[in-house]
Structure formats: C-alpha cells, structure tokens
Amino acid sequence: MAFTNEQIERYSRHIILKEVGVKGQKKLLDSSVLIIGAGGLGAPAAMYLAAAGVGTIGIADADEVDLSNLQRQIIHATKDLGKAKVISAKETMEAMNPDVNVNTYRTFVSADNIMELIKDYDFIIDGTDNFPAKFLINDACVMAKKPFSHAGIIRFQGQLMTYVPGEGPCYRCIFKEPPPKDAVPTCKQAGVIGAMGGVIGSLQAMEAIKYILGVGKLLTGSLLTYDALSMEFRKIKLPEKVKDCPVCGDEPTIHQLIDYEQAECDGAL
Amino acid sequence: MNNMKVTVSGELKEYDDGITLLELVERENVETPEYVTASVNDDLLGYHEFEKTVLQDGDVIEFLYFMGGGSI
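Chains as they are written, first to last, in our numbering: chain G, 6 to 274; chain A, 147 to 218.
Source of the hints: derived by calculation from the structure; they are not laboratory data. Model, not experiment: these values are computed from the prediction. Every clue listed holds true.
30 Å max Cα-Cα, derived DSSO-like pairs, lysine-lysine:
1. Lys151(G) <-> Lys246(G)
2. Lys240(G) <-> Lys159(A)
3. Lys23(G) <-> Lys240(G)
4. Lys240(G) <-> Lys198(A)
5. Lys31(G) <-> Lys151(G)
6. Lys242(G) <-> Lys159(A)
7. Lys246(G) <-> Lys198(A)
8. Lys181(G) <-> Lys222(G)
9. Lys151(A) <-> Lys240(G)
10. Lys151(G) <-> Lys242(G)
Ranges between beta-carbon positions, derived for each pair:
11. Asn149(A) <-> His260(G): 45 to 55 Å
12. Glu180(A) <-> Glu14(G): 47 to 57 Å
13. Asp264(G) <-> Gly192(A): 20 to 30 Å
14. Asp188(A) <-> Gly171(G): 12 to 22 Å
15. Asn108(G) <-> Glu174(A): 38 to 48 Å
16. Asn118(G) <-> Glu197(A): 40 to 50 Å
17. Lys23(G) <-> Arg173(A): 46 to 56 Å
From chain A, some residues computed to sit far from chain G (all C-beta separations above 10 Å):
18. Asn148
19. Asn149
20. Val154
21. Leu158
22. Lys159
23. Glu160
24. Asp162
25. Glu169
26. Val171
27. Arg173
28. Glu174
29. Asn175
30. Lys198
Backbone N, C-alpha and C define an ideal beta-carbon position, used for all residues, glycine too.
Can you make the complete structure from the sequences, with help from the hints?
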C-alpha cells in the first residue's frame with residue numbers, strides 16, 4: 006500500500022528519521038498494540054501511539070471517566086465525565102489520527118479473558134494500577150511469549166521495565182508475588198503528580214515504537230526508576246536470567262494464570 | 147571495627163564490616179522493607195534472605211520497590 010500525500014505529510018517528521026523512514030512508518034501502520042488501562046499511564050501512551058500511526062490500538066478498561074481522573078488522564082476531557090473510558094479514549098485517538106483502528110474492550114483483565122485479549126497484538130502496555138493485574142499481565146505475556154512494558158507510578162516516582170521473551174527477566178523475577186492488600190500504598194491513598202503519567206506512559210509508548218521498528222536498545226534486563234523531586238533517572242541493572250523464577254525460570258511452578266484478590270482501588274484497573 | 151565501602155542505590159557509602167542486608171535496610175530507612183526486593187551484585191533477594199546476607203566490601207546494592215499506579 007502506497008502512502009497518500011496526506012500520510013506523507015502527517016508522518017514527515019518520522020519519515021525523515023533514518024531509523025524510521027517510509028519502511029518504518031509502514032511497520033508502525035501495520036502494527037498492533039494493546040493498552041491495558043486507560044488511565045494515567047494508558048492515556049499518554051495511547052495518544053502517542055495513535056499520533057505515531059500505530060495502525061491497530063486495543064484499549065481495555067471497565068471504568069467510566071471520573072472527575073478525579075482528569076488531573077492526569079489527558080485522553081479524557083470534562084465533557085467525557087461518566088462515559089466509558091474506552092469510548093472516550095477511542096474518540097480522542099480517532100480524532101487525532103483517522104489512520105488508526107481502535108478496538109475497545111470494556112472489561113477488567115482476568116485469568117479468563119487475558120489470553121484472548123493479548124493474542125492478536127504485537128506488543129502489550131501495562132497501564133494498570135493494581136498488583137493482581139500486573140502479575141496477571143506478566144504471567145500471560147510470558148506464557149503467550151508476548152513482549153510488554155511494565156510501569157508503575159506513585160507520588161513523585163515512577164518505574165519502567167520492558168519484557169521481551171528470552172531477553173531478560175520478567176516482572177515476577179523481581180517480585181515473586183503481589184504484596185498483601187494495603188501493604189503498599191496505591192495512587193488513590195498516596196497521590197500521584199499528574200505529569201508523572203505523562204513521563205512514564207510516554208516512555209512506554211517509546212518502548213513499543215522501538216520494538217515495532219526494531220531500533221535501539223530496549224529496557225530489557227533493567228528497571229528504570231524516575232524520581233521527579235531529586236530529578237534523577239536511574240537504570241538499575243537486573244540479572245540476565247533468574248533461574249528460579251516461578252513463571253519464566255528453568256523449572257516454572259506456575260502453569261496457570263492466577264486471579265489474585267483485588268486490592269481496594271475502587272475496583273478499578 | 148573496620149569499615150567497608152558498598153554502593154547503595156548508586157552512592158558509595160561506608161558501613162561496618164559484617165553488616166547484614168537487614169541492618170543496611172534499617173540504616174538506610176528503606177520504606178516497607180518486607181515488600182522490597184534487594185539486588186546485591188547480580189542476585190535478587192527477598193526480605194526473608196536479608197538477615198542471612200552478610201555484605202562484603204565492594205558490594206553493589208539496589209532496592210526495588212513495588213509501584214502500582216497508572217489507571218484508576
């Protein structure tokens with residue numbers, strides 16, 4: 006498929022890059038990314054991927070837009086209050102770029118539906134706020150051999166890691182199981198500075214784009230941490246392989262997906 | 147008691163010889179240490195291993211924290 010004149014103009018700042026070019030832009034248009042959670046992380050990630058011309062974007066979230074979301078979830082606007090987040094997100098992405106085909110899944114991810122959700126996508130973005138979902142996404146992506154971006158944000162801090170099958174540790178290599186309910190503060194309890202989602206969610210989009218283009222070095226085998234108050238980014242090196250990881254180790258003990266008990270976060274993704 | 151040098155979260159620090167990872171966590175005021183994973187050189191250690199881990203001169207230690215956040 007040849008580019009239209011409009012596409013050549015729309016993507017001109019990409020096409021001029023030697024790492025992208027016409028070929029790379031075509032790869033983006035032919036690619037698919039699933040974003041789980043249309044919140045603080047998912048909003049900027051979805052918007053940059055849509056603007057970049059990622060041809061198919063899936064977005065999964067069961068919630069509606071709430072007034073307390075708007076301080077950071079920039080894909081939703083005041084007019085969207087009460088609307089399903091996936092619909093509001095889809096409208097924003099389609100308004101940004103008609104080249105993008107958006108699939109909406111108005112659901113929370115669970116052991117029952119996640120394999121079906123991720124199976125047709127090239128890359129998965131974890132934009133969820135709770136540990137049961139983060140472990141579920143990790144385990145499902147390891148089992149289905151799908152690359153994904155993990156991220157978390159709280160207060161003035163954020164973290165990010167990329168998993169690619171066979172190229173470094175998974176989330177469960179670092180953390181064996183979810184912390185007990187309320188043991189670790191959530192954003193709702195502890196707060197989060199709105200722009201943190203913008204920084205870290207945009208980095209998730211960047212990892213997805215680099216993966217699709219096959220350029221540069223991904224954040225595999227390292228955890229990137231960002232402290233906005235001290236204005237420090239640190240890339241913490243992780244072991245290349247954790248042999249006793251219960252899901253991606255030499256002798257995995259987890260063979261089935263687990264629905265851990267949901268922490269008290271409004272029941273939201 | 148002699149001192150040894152260890153790198154904690156990227157900073158070179160001096161501690162007493164023979165200090166354990168559990169003692170380090172207390173001295174460094176690590177928040178919710180029960181839910182922190184420590185990386186010591188190339189090993190990832192959970193809280194139950196902190197007490198039996200005696201640090202050596204030159205060790206590089208990082209603390210990895212659970213971080214949720216994102217949606218809601």
